[in-house]
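Line by line, the protein sequences give chains W and Y.
The letter at position 253 of the first sequence is residue 532 when you use the working numbering, and the numbering goes up by one with no holes.
The letter at position 265 of the second sequence is residue 544 when you use the working numbering, and the numbering goes up by one with no holes.
Note that these hints are calculated values from the structure, not bench results.
Even glycine gets a Cβ: it sits at the ideal position worked out from N, Cα and C.
Treat the hints with care, as some may be off.
Stated by the list, open to error - If you anchor each label on the Cβ, the simulated ranges turn out as follows:
hint	chain 1	residue 1	chain 2	residue 2	range
1	Y	Val466	W	Ala528	44 to 52 Å
2	W	Gly413	Y	Arg449	44 to 52 Å
3	Y	Ser314	W	Arg352	49 to 57 Å
4	Y	Thr300	W	His317	33 to 41 Å
Stated by the list, open to error - Calculated cross-link-like contacts (lysine-lysine; reagent style DSBU-like; alpha-carbon spacing at most 35 Å):
hint	chain 1	residue 1	chain 2	residue 2
5	W	Lys544	Y	Lys508
6	W	Lys508	Y	Lys432
7	Y	Lys432	Y	Lys544
8	Y	Lys508	Y	Lys544
9	Y	Lys432	Y	Lys508
10	W	Lys544	W	Lys432
11	W	Lys544	W	Lys508
12	Y	Lys432	W	Lys544
13	W	Lys432	W	Lys508
Number of protein chains: 2
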Amino acid sequence: MRGEGVTDYIALPLQFTDGTTHATSWTTRHADGFSGEHLTALRAIVAPFARLGEIWALRRTAATLLDTYVGNRAGERILAGQIRRGHAETMQAAIWLSDLRGFTTLSDRLAPEIVVDVLNQYFDCQVPTIRRHGGEILKFMGDGLLAVFPIAKGHGNIGEVCARVLEAAREARANVDAMRYPSGEGVERFRFGVALHIGGILFGNIGGSSRLDFTCIGPAVNLAARLEKIAGRLARTVVASEAFAGACAEGWTDLGEFPVAGLSKAARVYGLAEETPRG
Amino acid sequence: MRGEGVTDYIALPLQFTDGTTHATSWTTRHADGFSGEHLTALRAIVAPFARLGEIWALRRTAATLLDTYVGNRAGERILAGQIRRGHAETMQAAIWLSDLRGFTTLSDRLAPEIVVDVLNQYFDCQVPTIRRHGGEILKFMGDGLLAVFPIAKGHGNIGEVCARVLEAAREARANVDAMRYPSGEGVERFRFGVALHIGGILFGNIGGSSRLDFTCIGPAVNLAARLEKIAGRLARTVVASEAFAGACAEGWTDLGEFPVAGLSKAARVYGLAEETPRG
Numbered sequence: 280m281r282g283e284g285v286t287d288y289i290a291l292p293l294q295f296t297d298g299t300t301h302a303t304s305w306t307t308r309h310a311d312g313f314s315g316e317h318l319t320a321l322r323a324i325v326a327p328f329a330r331l332g333e334i335w336a337l338r339r340t341a342a343t344l345l346d347t348y349v350g351n352r353a354g355e356r357i358l359a360g361q362i363r364r365g366h367a368e369t370m371q372a373a374i375w376l377s378d379l380r381g382f383t384t385l386s387d388r389l390a391p392e393i394v395v396d397v398l399n400q401y402f403d404c405q406v407p408t409i410r411r412h413g414g415e416i417l418k419f420m421g422d423g424l425l426a427v428f429p430i431a432k433g434h435g436n437i438g439e440v441c442a443r444v445l446e447a448a449r450e451a452r453a454n455v456d457a458m459r460y461p462s463g464e465g466v467e468r469f470r471f472g473v474a475l476h477i478g479g480i481l482f483g484n485i486g487g488s489s490r491l492d493f494t495c496i497g498p499a500v501n502l503a504a505r506l507e508k509i510a511g512r513l514a515r516t517v518v519a520s521e522a523f524a525g526a527c528a529e530g531w532t533d534l535g536e537f538p539v540a541g542l543s544k545a546a547r548v549y550g551l552a553e554e555t556p557r558g
Numbered sequence: 280m281r282g283e284g285v286t287d288y289i290a291l292p293l294q295f296t297d298g299t300t301h302a303t304s305w306t307t308r309h310a311d312g313f314s315g316e317h318l319t320a321l322r323a324i325v326a327p328f329a330r331l332g333e334i335w336a337l338r339r340t341a342a343t344l345l346d347t348y349v350g351n352r353a354g355e356r357i358l359a360g361q362i363r364r365g366h367a368e369t370m371q372a373a374i375w376l377s378d379l380r381g382f383t384t385l386s387d388r389l390a391p392e393i394v395v396d397v398l399n400q401y402f403d404c405q406v407p408t409i410r411r412h413g414g415e416i417l418k419f420m421g422d423g424l425l426a427v428f429p430i431a432k433g434h435g436n437i438g439e440v441c442a443r444v445l446e447a448a449r450e451a452r453a454n455v456d457a458m459r460y461p462s463g464e465g466v467e468r469f470r471f472g473v474a475l476h477i478g479g480i481l482f483g484n485i486g487g488s489s490r491l492d493f494t495c496i497g498p499a500v501n502l503a504a505r506l507e508k509i510a511g512r513l514a515r516t517v518v519a520s521e522a523f524a525g526a527c528a529e530g531w532t533d534l535g536e537f538p539v540a541g542l543s544k545a546a547r548v549y550g551l552a553e554e555t556p557r558g
């Protein structure tokens, strides 16, 4: 600090009403450093300043925690009272719907505490990868994970978005393949599946009385969920809808047409050429 | 206030840093009312008091909002940094797992905004009823709702809890039966199903990076989910596991044994005597 012309320095504690102590630090470039008068003034400021600091810190913490638990950067808007029950936002996006194969059996077999730990290690295989590739995690549903990668209006960036999604899917696949969990005398290994699709999603605020949540709704989400189930039956890791595969430069293998509940027409499902079905 | 001996009254505004204005009111029983000195002192207090008020209000709002979105009265503990990823709580409870029959088809058919509205009306048929009967909503999962009614250690109150749950189930059934939603030229009607069970649940904190959630884990939850599916196949509204039916004084109809994935033994499923299967 001396290089910046600083001649004096004082640190003063900020006592928050919640019992925690934080700190302020003050510097001066005045030739004689802080005078007694300066110090008296600073000490007089510190108590009211602590209150302001606590308000700012609390507001930031509350918004961050709400974001953490709610997703979709809704925290600040919820805190400001801008989001109420029935609020709905629509988005066009590449949709990532993944699950952990055999999770229900696993959660029947292992102690619940172990299952929580396994899930967290499993989500670590995906969440940072999804984020790094520009995705947003909308929902966890047990072992399920629904993420979106927003697509610009007019779909101008659709090829670029799909390439990023695919890169993330390959990375998550490698992470899950490498995941090991010690169990009894052996190690558990894991397999996941991810269905990729493109379409509209509605992120809507639902619930009743004093318990609310966000839910993801729309035919595109339903189709992704059905593709995910088909992927499991085909023992495939990464599958894509026609809409997603068509937007990707990548060479996909046509896995055939499958009847899909709710659709009058069978849906064509695509798999990655490098994957061979595993039993 | 005069009856309480109050001789003077003053209201002073509290300006919060977020731009909102709140109010304080002050009274005295002093024979001459507030003196000039009193008023000067009160006016001097108001600004620092506004800061404190804002901190308290913000903390309460943040905790309430987190409770609202997270459930299980976890808001305050999350805010205090006491709940982190991997945190797990176990509870013994009567388990309520309900869903809206044909929801996926509905959400394929109706506009997403309509679906959000339908869901909210549908949850209104259950949430207040569940709360009034001592239940806690743990999770919404699309159209699914998982609630628990805590059971005391040693299961001393199990009969009383089950009676409450059953009362809530009948009330919710009547509410959903009465629900109508105008759609096009007709009205939509709705059918729901609820599986009741007793067992242990783990409420665990899961996720990754800066996106967390709570999930409900355990074989009892899995069994409830499977009972729910069986209820749908049998066109029943309220079904119960052997554990729940056995704890209820109520006369149940034995609906037979059903193979259940993850269980070596088939599970016996019970229906309410007053219900006849509807096609």
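Results of checking the hints against the structure:
no.: 1; hint: Y:Val466 / W:Ala528: 44 to 52 Å; in the structure: 48 Å, holds
no.: 2; hint: W:Gly413 / Y:Arg449: 44 to 52 Å; in the structure: 49 Å, holds
no.: 3; hint: Y:Ser314 / W:Arg352: 49 to 57 Å; in the structure: 52 Å, holds
no.: 4; hint: Y:Thr300 / W:His317: 33 to 41 Å; in the structure: 34 Å, holds
no.: 5; hint: W:Lys544 / Y:Lys508; in the structure: 26 Å, holds
no.: 6; hint: W:Lys508 / Y:Lys432; in the structure: 40 Å, violated
no.: 7; hint: Y:Lys432 / Y:Lys544; in the structure: 27 Å, holds
no.: 8; hint: Y:Lys508 / Y:Lys544; in the structure: 17 Å, holds
no.: 9; hint: Y:Lys432 / Y:Lys508; in the structure: 30 Å, holds
no.: 10; hint: W:Lys544 / W:Lys432; in the structure: 27 Å, holds
no.: 11; hint: W:Lys544 / W:Lys508; in the structure: 17 Å, holds
no.: 12; hint: Y:Lys432 / W:Lys544; in the structure: 54 Å, violated
no.: 13; hint: W:Lys432 / W:Lys508; in the structure: 30 Å, holds
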